[in-house]
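Engineer: Residue-level listing of the chains:
2 protein chains.
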Amino acid sequence: MPKEKFKVTPWEVKGKVDYNILIRKFGTQKISDDLLERIKKHTGELHFMLRRGIFFSHRDLDWLLDKYETGEEFFLYTGRGPSGHTHLGHLTPWIFTAWLQEKFDVHLYFQMTDDEKHLVKPLSLEQTTGFAYDNALDVLACGMDPKKTHIFSNIEYGKTIYKEAVKIAKHVTFSTAKAVFGFKNSSNIGIIFFPAIQAVPCFLPSVLEGKNIPCLIPAAIDQDPYWRISRDIAPKMGYYKPTQIHNKFIPGLKPGGKMSASDPSSAIFTTDTPEQIEKKIMNAFTGQQPTAELQRKLGGNPDICTVCQYYFYLFEQDDKKLEKIFEGERTGTLLAGEHKADLAKRVKDFIAEHQRRREKAKKIIDKVMLRD
Amino acid sequence: MPKEKFKVTPWEVKGKVDYNILIRKFGTQKISDDLLERIKKHTGELHFMLRRGIFFSHRDLDWLLDKYETGEEFFLYTGRGPSGHTHLGHLTPWIFTAWLQEKFDVHLYFQMTDDEKHLVKPLSLEQTTGFAYDNALDVLACGMDPKKTHIFSNIEYGKTIYKEAVKIAKHVTFSTAKAVFGFKNSSNIGIIFFPAIQAVPCFLPSVLEGKNIPCLIPAAIDQDPYWRISRDIAPKMGYYKPTQIHNKFIPGLKPGGKMSASDPSSAIFTTDTPEQIEKKIMNAFTGQQPTAELQRKLGGNPDICTVCQYYFYLFEQDDKKLEKIFEGERTGTLLAGEHKADLAKRVKDFIAEHQRRREKAKKIIDKVMLRD
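Chain order of the listed sequences is A and L. If you want our numbering, it's the 1-based position in the first sequence plus 44. If you want our numbering, it's the 1-based position in the second sequence plus 44.
No copy is singled out in the list; a pair is fine if it fits within one copy or between any two copies.
Derived BS3-like pairs: lysine-lysine, alpha-carbon spacing no greater than 27 Å straight-line:
1. K165 <-> K280
2. K285 <-> K165
3. K165 <-> K222
Simulated from the structure, these hints should not be mistaken for lab results. Here the structure is a predicted model, which means the values were calculated and not measured.
Produce the complete structure using the sequences and hints provided.
Structural biologist: In structure tokens:
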């Protein structure tokens with residue numbers, strides 16, 4: 045086995061991620077062609093993120109479909125750590141989640157971990173709870189069904205969340221939590237308790253409805269460790285193990301790593317102005333040759349070109365058109381300036397539309413948020 | 045220093061406690077005669093629990109009186125782990141707390157740790173929250189001022205409690221919590237977080253009122269470790285360190301140790317019937333001689349006689365009458381049967397009156413309990 049040159053934890057993603065190694069390391073399953081066919085039977089078409097392997101790994105998705113096919117409705121659960129504004133990397137799984145919700149017509153529980161972000165970042169609770177509301181607008185703007193979507197901040201829905209977390213925490217020892225998350229003596233006691241809080245939504249609809257309801261979690265694969273604990277304790281508490289579907293990270297505008305909120309120039313935020321978007325994309329790393337002449341002669345590499353990757357992950361859903369863009373990059377007919385300008389226009393249009401939806405979301409947000 | 049033959053932690057009290065050693069070990073201060081005089085200036089008389097050294101130790105009580113004398117009102121905070129019905133050992137500090145509240149005319153915040161008891165005992169959260177309400181009736185029956193008393197269960201007031209606990213937890217590392225409480229790898233992550241929950245009421249009135257308010261905690265000395273953490277983090281959070289006044293344990297009806305809810309025959313519960321009380325007291329350990337003849341000749345030892353100790357801790361507030369009882373025990377004029385029968389009558393009268401107050405408390409409990 046090759047030496048791993050990358051690192052993936054719930055708090056850190058470093059280096060060029062080899063997703064096949066990650067599947068082995070985390071012990072998840074690759075989404076097979078058979079499983080894709082089975083999904084297609086229910087959805088009528090496959091979302092481009094499934095076709096392209098952006099969602100690439102799962103736990104017990106086949107079991108979930110067994111249940112669904114015998115008439116048991118499941119629910120979706122995903123979340124966000126509200127430490128700042130939302131960027132395109134965050135939207136990727138949410139857009140897919142909205143599609144799942146529409147195709148299967150199911151409820152979505154969306155957890156804003158404002159408590160966690162206060163515990164691990166130099167942010168006040170007032171700031172993180174503020175971001176929770178701000179980010180919730182972006183969630184709705186992705187096209188969630190407001191009637192079947194329930195967004196909550198752990199702090200604002202704290203009575204319900206804390207109560208269920210206490211029941212879960214009783215079954216999680218420090219050694220288990222330490223083994224999964226690598227806690228140290230210097231870790232604060234809030235973040236040590238947090239795995240119980242993040243496990244709550246796996247079972248919450250079952251508690252609220254008074255019956256066992258299967259759970260599907262679409263999320264980036266770095267969050268997987270949290271659900272290992274949930275899966276471990278589920279049988280002890282009389283619930284189904286939550287199932288998962290994992291996505292890859294949308295790359296940053298700079299080479300290597302994922303789009304990161306802690307480096308604003310690496311990411312496009314949903315609150316960015318057209319000028320900011322234009323500037324960030326025109327500065328993006330393309331992996332093209334140093335001069336137009338050389339690029340025309342030698343061509344570039346779409347795999348390391350962040351502009352190509354943006355099309356791949358979000359901005360060109362038509363596979364044939366995408367191939368044309370990749371081809372242009374590869375053969376040198378597509379030069380960096382034009383390449384970036386085209387993407388900048390797409391992204392600006394996308395964000396403009398997203399911001400319109402975000403404004404509309406402000407009118408319904410109060411009905412969608414759960415509170416105690 | 046003599047080998048310690050006793051053990052005092054928030055979860056366990058074992059052996060014959062040497063309170064002078066405990067003061068040195070815990071680093072608290074003995075309540076001096078000067079301090080008693082100073083209290084008397086404000087209260088007009090000294091409660092028998094102060095006169096008799098039942099409340100014997102403190103942290104910064106002199107500082108609290110400095111504040112009070114310059115016009116700053118303080119508040120009282122104490123609590124209970126609701127794992128069963130209330131016994132006389134629990135009532136001791138509450139009766140004293142009601143006296144403090146009356147004499148200083150201050151607010152009382154009373155925490156029911158139903159979360160903690162679920163985390164460490166084989167009890168469901170429904171059971172511990174149930175006991176929280178049951179025990180709250182006993183608190184009110186001790187004569188608290190309902191207008192200035194705020195009782196809450198951590199679960200039912202969970203939104204407020206969890207929010208403030210998260211802010212506190214950020215300042216408490218695992219190594220600090222471990223050093224104070226001796227957590228192990230097998231400890232569950234809920235009980236590791238719990239010190240933050242128990243610290244909340246030290247600062248909660250300051251948060252709710254938006255100003256720094258001094259806190260006085262009357263509680264049995266085994267709870268002291270919790271406040272060490274609160275005192276440690278208070279300056280970091282911009283609050284006064286909570287001050288404390290500690291009581292000794294009311295002895296059980298059997299020799300050695302404290303009155304314990306886990307051994308029902310060692311304790312008299314507020315829900316006991318007159319017959320149960322009679323039976324428990326008639327079976328109590330007196331430390332008298334094996335026969336009436338020997339007792340008349342040699343006398344007994346009031347220090348190890350649980351009947352004498354009950355008079356001392358709760359049932360004979362008049363010092364002269366108490367001395368007469370002790371004298372009778374010492375000289376052998378007071379025989380076990382009469383001794384116990386006298387106490388049984390007192391206890392039955394006390395519990396009957398307590399139960400009447402408990403019934404009255406049911407009418408106002410809803411107004412006194414804080415809820416989210």
